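Student: Chains as they are written, first to last, in the working numbering: chain W, 1 to 130; chain D, 1 to 59.
It should be emphasised that the hints constitute simulated quantities derived from the structure, not laboratory data. These numbers were taken from a predicted model, which means no experiment stands behind them. Please note that the accuracy of each hint is not assured.
Heads up, simulated SDA-like pairs for lysine to any residue below, C-alpha to C-alpha not over 20 Å straight-line [said to hold, decoys possible]: (1) W/Lys32 - D/Ala49; (2) D/Lys32 - D/Glu19; (3) W/Lys32 - W/Leu125; (4) W/Lys32 - W/Phe19; (5) W/Lys32 - D/Thr21; (6) W/Lys32 - W/Arg124; (7) W/Lys32 - D/Ser27; (8) W/Lys32 - W/Ile52; (9) D/Lys32 - D/Leu54; (10) D/Lys32 - W/Gln33; (11) W/Lys32 - D/Glu24; (12) D/Lys32 - W/Leu36; (13) D/Lys32 - W/Cys40; (14) W/Lys32 - W/Arg62; (15) D/Lys32 - D/His22; (16) W/Lys32 - D/Asp25; (17) W/Lys32 - D/Tyr18; (18) W/Lys32 - W/Phe51; (19) W/Lys32 - W/Asp10; (20) W/Lys32 - W/Thr129; (21) D/Lys32 - D/Ile44; (22) W/Lys32 - W/Arg126; (23) D/Lys32 - D/Cys11; (24) W/Lys32 - W/Ala44; (25) D/Lys32 - D/Ala48; (26) W/Lys32 - D/Glu19; (27) W/Lys32 - D/Met26; (28) W/Lys32 - W/Leu113; (29) W/Lys32 - D/Leu30; (30) W/Lys32 - D/Leu28; (31) W/Lys32 - W/Val119; (32) W/Lys32 - W/Thr17; (33) W/Lys32 - D/Arg31; (34) D/Lys32 - D/Thr21; (35) W/Lys32 - W/Val120; (36) D/Lys32 - W/Leu113; (37) W/Lys32 - W/Phe60; (38) W/Lys32 - W/Val112; (39) W/Lys32 - W/Met116; (40) W/Lys32 - D/Pro9.
One letter stands for each residue in the lines below.
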Amino acid sequence: MTKFGKRPLDPFAAAVTAFLVPGAGHMLLGRKQKALLFFCLIVATFLAGWFISGCENVYFARGRWHTLVQMGAGVITFIIGLPGTAPEPGRTVMHTFEIGTLYTMVAGLLNVLVVMDAVVTSIRLRRTTA
Amino acid sequence: MIDLVFLIPLCVVVSFVYEATHTEDMSLILRKGLRLSITLTGGIILFAAALYLLDRFVL
Numbered sequence: 001m002t003k004f005g006k007r008p009l010d011p012f013a014a015a016v017t018a019f020l021v022p023g024a025g026h027m028l029l030g031r032k033q034k035a036l037l038f039f040c041l042i043v044a045t046f047l048a049g050w051f052i053s054g055c056e057n058v059y060f061a062r063g064r065w066h067t068l069v070q071m072g073a074g075v076i077t078f079i080i081g082l083p084g085t086a087p088e089p090g091r092t093v094m095h096t097f098e099i100g101t102l103y104t105m106v107a108g109l110l111n112v113l114v115v116m117d118a119v120v121t122s123i124r125l126r127r128t129t130a
Numbered sequence: 001m002i003d004l005v006f007l008i009p010l011c012v013v014v015s016f017v018y019e020a021t022h023t024e025d026m027s028l029i030l031r032k033g034l035r036l037s038i039t040l041t042g043g044i045i046l047f048a049a050a051l052y053l054l055d056r057f058v059l
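Isolated chain D (complex conformation) (with noise of 0.2 Å):
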């Protein structure tokens, strides 16, 4: 679970460099790398809730 924190920032990264190779204008690049690195981020937290409570109430 705690190896789920150490994917946030490899998120974040990911998705500055996805954007800056699909545009060239950098205050568009910024914008829209903050916006994928949040929902990237919100998949990880949501995928971690899930496995907490699976673990605590089904397995």
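Same shape as in the complex, but just chain W (with noise of 0.2 Å):
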């Protein structure tokens, strides 16, 4: 039992919450100050990225593989995504355009790490409350 008095956040539940925001999972499964960690890190070097990229390189387009591994920071890429558009062709970009879309798919492959600790920390819970 947890100090709430109720069992641990099944593994789905955790790897979706996990999922859409970053350290969500981790704060319902009362890791706090991970929890805090997990999102502090994630989303600033995501935000870091869409920044110095010039606050273009977030966008859903066909055939851009980079925002599927974008994805993984969860609803972030969707918020800024969504609206965004591809920089028109021939227009030149920053020159941080490529190191900027770098830190937004290591955020979003960093989310997928914390998202599977999250899948392990409640199954171990679970072990050990039931």
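Build the complex: two chains, separate frames, hints provided.
Tutor: Shown next, in the form of structure tokens:
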């Protein structure tokens, strides 16, 4: 039993919440400090990548595979990406466009790692409380 | 060469997240994360220095 007297969050729910908002899965599992650390690091990395590319590297377009990786960061990708549009063909983008895209993609991949950690933590907690 | 500088904050973030997924204790996460990020940053600086020397004297 947890300190709230309930069973810990089930692994699927932990995975979904951790995917949608970085660190939310850990927060619901009672790992508040880790949740805060994950949220700050992943969201800051994503936003830093978006800003240093001139706020135009997150958008949904046919054949843009980078967005699939960026989607790992959760809801923030949709908030920023859905209104976003691709840079017009022929226009020069900032020279930090690619490194900004790398930042956002790394943030997405790190959140996948965090989702897996939330699932493992949930399974471990449920075993110990069973 | 200048792009390598952008990799340093990325290394710090990756180090802390990696350590946080492997350790439960917060002070241990901070200590080990700091150590790993210093190691990775040192690696990047050495790599950049090697590239510079190669460019300057060999190529």
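Student: Kindly indicate which numbered hints from before are broken by the structure, ordering the numbers from low to high.
Tutor: Violated: hints 1, 8, 9, 14, 18, 25, 37 and 40.
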